[in-house]
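K.L.:
Using the numbering used here, read the sequence shown as starting at 51 and increasing by one per residue.
Keep in mind that the hints were calculated from the coordinates and are not lab data. In this text, a Cβ means the ideal position worked out from N, Cα and C, and glycines have one as well. A hint or two may mislead.
20 Å max Cα-Cα, derived EDC-like pairs, lysine to aspartate or glutamate [claimed, not checked]:
hint, residue 1, residue 2
1, K93, E128
2, K97, D87
3, K104, E130
With beta-carbon atoms standing in for the labels, derived distance ranges [to be verified]:
hint, residue 1, residue 2, range
4, E130, D77, 15 to 25 Å
5, G141, V90, 16 to 26 Å
6, R110, P140, 31 to 41 Å
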Amino acid sequence: MAVFLAFSPVTVLAQDFGVLLSPSDYDYLTEQGVPRDSIVLQKMSPKELSRLHKVINDRRTDGSAHSTAEAVRRVLSEFEGNQRWENANPGRLWDGDKYPGFGKADSK
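Let's have the full structure, built from the sequences with the hints guiding it.
P.N.:
Here is the structure:
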């Protein structure tokens, strides 16, 4: 007898990182000129998607459409920069050890 998991991988990731992006988040991003199929969105990690969701829905900027839009633009720009760095440094992650050996004493 086969047993099927009740949770998809996306559900498990959402549990680990909180909410990823909701349908209303995608609607908001589309209004801001960032379509659902944007390469930046497609290449985001679950952690980044969760952070973007939090920025879009941040109560501190809730009363100001301009403040929310500016915060979202800053985060998207940061994530896009991270993706460019990873493309320029194959096999390495932007938040990993970018400079191996930097700050470590030599063993000799």
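K.L.:
Evaluate each hint against the coordinates.
P.N.:
Outcome of the hint check:
no. : hint                    : verdict
1   : K93 / E128              : holds (13 Å)
2   : K97 / D87               : holds (18 Å)
3   : K104 / E130             : holds (18 Å)
4   : E130 / D77: 15 to 25 Å  : holds (21 Å)
5   : G141 / V90: 16 to 26 Å  : holds (21 Å)
6   : R110 / P140: 31 to 41 Å : holds (38 Å)
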